[in-house]
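There are 2 protein chains.
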Amino acid sequence: MFKTFKEDGKARLGELTLKRGVVKTPIFMPVGTVGSVKTLVPSDLKDLQAEIILGNTYHLYLRPGMDIIKHFGGLHKFINWDRPILTDSGGFQIFSLGKLRKIKEEGASFQSHIDGRKIFLSPELAVEIQETLDADIHMVLDECTPYPATHGEAKVSMQRSMRWAKRCREAKAKSDLAQFGIVQGGMYEDLRLDSIKALTDIDFEGYSIGGLSVGEPKPSMRTTTEFCCEHLPKDKPRYLMGVGTPLDIIESIGMGVDMFDCVMPTRNGRNGTLFTSEGKINIKNQKYAFDDSPLDPNCSCYTCQNFSRSYLRHLFVSKELTAQRLLTLHNLTYYLKLIHDIRDAIEQGTFQDLLRHHRGLWKA
Amino acid sequence: MFKTFKEDGKARLGELTLKRGVVKTPIFMPVGTVGSVKTLVPSDLKDLQAEIILGNTYHLYLRPGMDIIKHFGGLHKFINWDRPILTDSGGFQIFSLGKLRKIKEEGASFQSHIDGRKIFLSPELAVEIQETLDADIHMVLDECTPYPATHGEAKVSMQRSMRWAKRCREAKAKSDLAQFGIVQGGMYEDLRLDSIKALTDIDFEGYSIGGLSVGEPKPSMRTTTEFCCEHLPKDKPRYLMGVGTPLDIIESIGMGVDMFDCVMPTRNGRNGTLFTSEGKINIKNQKYAFDDSPLDPNCSCYTCQNFSRSYLRHLFVSKELTAQRLLTLHNLTYYLKLIHDIRDAIEQGTFQDLLRHHRGLWKA
Chain R
0 MFKTFKEDGK
10 ARLGELTLKR
20 GVVKTPIFMP
30 VGTVGSVKTL
40 VPSDLKDLQA
50 EIILGNTYHL
60 YLRPGMDIIK
70 HFGGLHKFIN
80 WDRPILTDSG
90 GFQIFSLGKL
100 RKIKEEGASF
110 QSHIDGRKIF
120 LSPELAVEIQ
130 ETLDADIHMV
140 LDECTPYPAT
150 HGEAKVSMQR
160 SMRWAKRCRE
170 AKAKSDLAQF
180 GIVQGGMYED
190 LRLDSIKALT
200 DIDFEGYSIG
210 GLSVGEPKPS
220 MRTTTEFCCE
230 HLPKDKPRYL
240 MGVGTPLDII
250 ESIGMGVDMF
260 DCVMPTRNGR
270 NGTLFTSEGK
280 INIKNQKYAF
290 DDSPLDPNCS
300 CYTCQNFSRS
310 YLRHLFVSKE
320 LTAQRLLTLH
330 NLTYYLKLIH
340 DIRDAIEQGT
350 FQDLLRHHRG
360 LWKA
Chain A
0 MFKTFKEDGK
10 ARLGELTLKR
20 GVVKTPIFMP
30 VGTVGSVKTL
40 VPSDLKDLQA
50 EIILGNTYHL
60 YLRPGMDIIK
70 HFGGLHKFIN
80 WDRPILTDSG
90 GFQIFSLGKL
100 RKIKEEGASF
110 QSHIDGRKIF
120 LSPELAVEIQ
130 ETLDADIHMV
140 LDECTPYPAT
150 HGEAKVSMQR
160 SMRWAKRCRE
170 AKAKSDLAQF
180 GIVQGGMYED
190 LRLDSIKALT
200 DIDFEGYSIG
210 GLSVGEPKPS
220 MRTTTEFCCE
230 HLPKDKPRYL
240 MGVGTPLDII
250 ESIGMGVDMF
260 DCVMPTRNGR
270 NGTLFTSEGK
280 INIKNQKYAF
290 DDSPLDPNCS
300 CYTCQNFSRS
310 YLRHLFVSKE
320 LTAQRLLTLH
330 NLTYYLKLIH
340 DIRDAIEQGT
350 FQDLLRHHRG
360 LWKA
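Residue numbers (numbering that gives the first Met the number 0), protein chains in the order written: chain R, 0 to 363; chain A, 0 to 363.
It cannot be assumed that every hint is accurate.
Simulated coverage check for chain R against chain A, where a stretch passes if three residues somewhere in it have a Cβ under 8 Å from a Cβ of chain A [what the hints assert, rightly or not]: (1) 39-51; (2) 168-175.
Quick partial rundown of chain R residues pointing at chain A, CB under 8 Å, derived from the structure [as the list claims (entries may be wrong)]: (3) Met65; (4) Gly72; (5) Asp114; (6) Ile118; (7) Gly253; (8) Asn284; (9) Ala288; (10) Cys298; (11) Ser299; (12) Leu314.
Since the hints were derived computationally from the structure, they do not count as laboratory data. Model, not experiment: these values are computed from the prediction. The beta-carbon is built from N, C-alpha and C at its ideal position, and this holds for glycine as well.
Based on the provided sequences and hints, a complete structural model is requested.
If you want it as structure tokens, here you go:
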């Protein structure tokens, strides 16, 4: 199901065979939280060469709800996307609800952010929902340990997540769908190691590194990612959830991570922050008012091929929806092209050069 | 510059030759107020077979401003649209500002809706701005007479608009751009006739019927449109500004109108109201929650070819930007296909059948 066929340092090329096709790794997965990658349509995503997208269990469970999903025979037909989909379990969103949620051994109680009604999500229900969605990859329900957390707190939380992981595995009914475990344990290496041991004993189709990008300093994120990669099995895909900047992605691939998702390209695009081969741009900046060059001279996206920074700035400050679409398209193009460049570099054994280049570009 | 080559009753087929190409009439012009048709991009508009789009003088003058437009050598290069553009003069927007504007013989003073700064727009400046935009068709500055207005008020207002029209014609410097006069006079036939006389004495490349869709009853709009069409020259295009529903458009074409613009398909699309071959749909309606049929079974747009009402409803109630894009695309497709159907009907001498069909459809 997963095979790697080339390494350059710890960076690696692989192929993940899923129900709806083969996904090459490293991969970046655009986020389509409630069933669309905001502002875009499936034909855009195919033009972008997106191979797999993300859906969100928590959001889709609340709306449109599983009755509608069942009526359509799964998420793919509902949203008209025939390539693989990964769904997260809802754990992170429940964590984000703060005081609206309550965690017990049995599962998580929370109030819907839409209408306030009470919802109870157990590990078993999380699996059932994701199998109803028919997601090619689905995630176990976990508790995302907050940062900071004491060793004791992180341990209690991680251990419960591991019991939940076991229940999720036992609840799994569809053999054609992949299920990933999620490593927790806060910033504590002994706990991360215990978590990896527990998950690999259960044996999943892949492993996620969870509980990062929750407010910890960047060096802690890097150290924890590197530690997990070193101890996770080599023959399974490693997925760093919710990360990150272009440099985060390259650094993590250099540690052996295979899969990424993040709202950064889409959300930043809608907010006017663009990633380019020359660094970051805030399109609102007055200095672009007369700038007739494209966002990125090295980008082949529709936005860069057709429009100036001046025009994009004008649309953005005028709050035109077309701006959010064009800027989202550019940022996702940047991320997916970056992934292709990284694959090429690993193929050619020049990954370290690429890493050095990006360290210079993004730290400048 | 304008020739008609087929009539069916008073409905007629024509061709309007402009700086950037030939536009067939009857025509519907999508509205791109500040330089984009909201949520869409030029390649969408070409897929839709849009032949000409609208820009708004008032909005573009305030933002991005003429310095930027000059830097790009006109609106076309700025927004990357190589087909014809029509700009309105800003008269209607100034009218819409209500108490923020003051009309004098010299021109209109108003406060910017963006930053409150004072602006003075004279007929001469309106022409200068539109020639800077290099709009293939531009409109004279007029005062849109409010509804209701007494005969005396409508007369004073119309007569000033006619003096402004003359000043606009005298200020016209670019011979490769067309300029249209605007008929005013409220709901009073004698004033409309005086206005037509004044404008045709000046001699424009085309004539607009202005001051409608401002709150008057639908029968008044129809009567005034019909009256103006009867008295406007046959050898010049007739443009009914800011109108309207599909039925308004068909009825008006039946009276001899050639050109239309309206925010209705785009704005209604963003608000979830769709025009279809089976009538109007409000996509928010609960009854579409499980509806796996397309918005319109007779529509070939990307939205109808790819998505169900259920999915579109889900995206819309979830406030996903993709919904506004997909719904805008459908509504514009509906309007432009309607125009093509009308042209075919005139060609085949079956316009009355089409009119009858739509009267039944939209009045039901």
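Right, here's what the structure says about each hint:
| no. | hint | in the structure |
| --- | --- | --- |
| 1 | 39-51 | holds (count 4) |
| 2 | 168-175 | violated (count 0) |
| 3 | Met65 | violated (12 Å) |
| 4 | Gly72 | violated (10 Å) |
| 5 | Asp114 | violated (12 Å) |
| 6 | Ile118 | violated (17 Å) |
| 7 | Gly253 | violated (34 Å) |
| 8 | Asn284 | violated (14 Å) |
| 9 | Ala288 | holds (6 Å) |
| 10 | Cys298 | violated (16 Å) |
| 11 | Ser299 | violated (15 Å) |
| 12 | Leu314 | holds (6 Å) |
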